[in-house]
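Each chain, letter by letter, is given below.
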Amino acid sequence: MLSIKELYVSVEGQEILKGINLEVKPGEVHALMGPNGSGKSTLANVLAGKEEYEVTHGEVTYQGEELLEMAPEDRAKSGLFLSFQYPVEIPGVPMVNFLKTAVNEHRKHKGGKPLTAGEFLKLMREKKELVEMDTQLTNRSVNEGFSGGEKKKNEIFQMALLEPKLAILDETDSGLDIDALKIVANGVNALKSENNSTIVVTHYQRLLDYIVPDYVHVLYDGRIVKTAGKELAMALEEKGYDWIKQENGN
Amino acid sequence: MEEQDKILNEVTQGEYKYGFVTDIETEIIEKGLNEDVIRLISSKKEEPEFMLDFRLKAFHQWQKMEMPDWAYLKIPPIDFQAISYYAAPKQKPKYESLDEVDPELLETFNKLGIPLEEQKQLAGVAVDAVVDSVSVKTTFKETLAEKGIIFCSFSEAVQEHPDLVKKYLGTAVPSTDNFFGALNSAVFSDGSFCYIPKGVKCPMELSTYFRINAANTGQFERTLIVADEDSYVSYLEGCTAPMRDENQLHAAIVEIIALDRAEVKYSTVQNWYPGDKNGKGGIYNFVTKRGICRGESSKISWTQVETGSAITWKYPSCILIGDNSVGEFNSVAVTNNHQQADTGTKMIHIGKNTKSTIISKGISAGLSDNSYRGLVKVLPNAVNARNFSQCDSLLLGDTCGAHTFPYIEVGNKSSIVEHEATTSKIGEDQIFYCNQRGISTEDAIGMIVNGYAKEVLNKLPMEFAVEAQKLLQISLEGSVG
Chain Z
1 MLSIKELYVS VEGQEILKGI NLEVKPGEVH ALMGPNGSGK STLANVLAGK EEYEVTHGEV
61 TYQGEELLEM APEDRAKSGL FLSFQYPVEI PGVPMVNFLK TAVNEHRKHK GGKPLTAGEF
121 LKLMREKKEL VEMDTQLTNR SVNEGFSGGE KKKNEIFQMA LLEPKLAILD ETDSGLDIDA
181 LKIVANGVNA LKSENNSTIV VTHYQRLLDY IVPDYVHVLY DGRIVKTAGK ELAMALEEKG
241 YDWIKQENGN
Chain B
1001 MEEQDKILNE VTQGEYKYGF VTDIETEIIE KGLNEDVIRL ISSKKEEPEF MLDFRLKAFH
1061 QWQKMEMPDW AYLKIPPIDF QAISYYAAPK QKPKYESLDE VDPELLETFN KLGIPLEEQK
1121 QLAGVAVDAV VDSVSVKTTF KETLAEKGII FCSFSEAVQE HPDLVKKYLG TAVPSTDNFF
1181 GALNSAVFSD GSFCYIPKGV KCPMELSTYF RINAANTGQF ERTLIVADED SYVSYLEGCT
1241 APMRDENQLH AAIVEIIALD RAEVKYSTVQ NWYPGDKNGK GGIYNFVTKR GICRGESSKI
1301 SWTQVETGSA ITWKYPSCIL IGDNSVGEFN SVAVTNNHQQ ADTGTKMIHI GKNTKSTIIS
1361 KGISAGLSDN SYRGLVKVLP NAVNARNFSQ CDSLLLGDTC GAHTFPYIEV GNKSSIVEHE
1421 ATTSKIGEDQ IFYCNQRGIS TEDAIGMIVN GYAKEVLNKL PMEFAVEAQK LLQISLEGSV
1481 G
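As they're listed, the protein sequences go chains Z and B.
FYI, my numbering numbers position 71 of the first sequence as 71, with every residue one higher than the one before it.
If you count the second sequence from 1, you need to add 1000 to reach my numbering.
It should be emphasised that the hints constitute simulated quantities derived from the structure, not laboratory data.
All clues given are correct.
In the BS3-like style, the derived pairs of lysine-lysine whose C-alpha atoms are separated by at most 30 Å in a straight line are:
no.: 1; chain 1: B; residue 1: K1198; chain 2: B; residue 2: K1355
no.: 2; chain 1: B; residue 1: K1470; chain 2: Z; residue 2: K113
no.: 3; chain 1: B; residue 1: K1454; chain 2: Z; residue 2: K151
no.: 4; chain 1: B; residue 1: K1454; chain 2: Z; residue 2: K113
no.: 5; chain 1: B; residue 1: K1454; chain 2: Z; residue 2: K128
no.: 6; chain 1: B; residue 1: K1425; chain 2: Z; residue 2: K151
no.: 7; chain 1: B; residue 1: K1470; chain 2: Z; residue 2: K122
Since this is a predicted model, take the numbers as computed values, not measurements.
Please model the complete structure; the sequences and the hints are all you need to start from.
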């Protein structure tokens, strides 16, 4: 599914990622943890194709293709989905239009016909239930006036509509109360299959109680310094990140 | 990026190779402007005495006037003696069929969703005399005639309805109003005239497309709309297709007069050739548009989508004389590359309980400058007058400019005037968010800009609104990325 080799990334001349290696196979759930500033969000954004990040070295293969050569919208249409840490508001653009355009772009990419308004509304109703999305929200402009929790739910709702192969959830748990967290996690779990993969970026072990990872990686100072099973998340929860820092000479 | 540049070129560049060729057999008088030329124009058009007087008065005043320099525009010097002020507008088809027309132009038309027959007219293709558009026109004229509505070319109105023309001409924009207004009054070639009788609601949108003399009304166009008591009309001007013209200077006038309880909606989509990417060429558009709400409870609303011209100088205004009368101004102005626009409105409150609303949405891209200039003036007698103004600017990239010049003068204590303004930049974050959902940058910009301008676009008649949406997107293609 995804293979990252020796990836180095800089932002405005400052090196953030310093040699990332990561293999994600179909059906796997990987958790990416680490203290603030370790480069987790940078990795998520680089994979999605955000512009201001400069890849200075390394390669990324996604479904056999050079991911870094692809335009962001092509990555998206090939099934790479990023659930944003801070979803963006787009005033004046109705959710429904935005989503319909997105869904139809995906369908076009796969050689399918665009959905009619009726078909799309039906699809939307189905997927809304999955994340217990308030009907009112889809009548508003994209993310405008949504609460923090609503924005995160909205991300998972979009994920449900677009049915990605590789979903990257960038701190989807931040700002969620426990009920919302469960809803979001249930949504993600419902979409899981043996063909698609998930990378969960998080600070806390809490989300991993609900979305159980196959692997936990600890990112520190731009490198993956530890990889283990889900028990690693428990250890981090207990001991914090200090022991990781000490092990790595800080 | 290359692809985007290509599309942008298609839409905005190129010389005057598309249509609008003046027939070489056309009768053209010598270049230059003097009293003899004015007399000649008037006599060629076989005008009554009052028209000649009107023109001469304007001309004499114009001679004493200076070109205005208060706008936030860099206007190259214009040699008014180097222009020919009269050409009998006879247009000869340039092509026999659409197959001969530049395919790139046709692609632009298709992007805008312009019907085939209309495409032919715009591109200068001979239109078959039996095609639908002609029969539509005939039916259209009959329907209007039944209601007593007069809708014809200005020249025709001068001949057929001189009393009406004499009564209302120059009552909203006096012949000596301003430099460009006076010039137009002196030399205007043709335009449209529209009269809606008492109590009549015009059953259809009146558009210049259906006007008999639509083909080539020239650079000094004049429109006069009179809505008699309790009448209603919605009038559409312009076209979303890129309009090219050999004449660089355009100075038009639109006058609207609304009597008691009459309502006039005037919508414009302006897409004159804006010049090439380097700022070469392009139309200079100096327009005077003004409506008078003369009667009580009358209403005039201006809605404009401005995407074209190298220079735009335009302030559609309302003079609210009648008590309880209402004025509205809704505008989207887009500037890209080297375009400059200084546009806005004037709302003059004279009657009691008069109300006005101003919604202006400026969008700047490239190296362009986009200014809103507006005056809200409440006279002492206009008790309980109300105005609400909202002026928003949206910037694409960091090489363009947006400016707001609001002037507010309130002469009494019972009136309320509100002004809101925002400036925002189209976020890379917003575009990336759309990209991440599979939406291309071009489509994302279209979506975001249309979302921003929605409030104004919603005021346009339905079919116009759809075209205008596409136009906004095309006008900004290649401006971010």
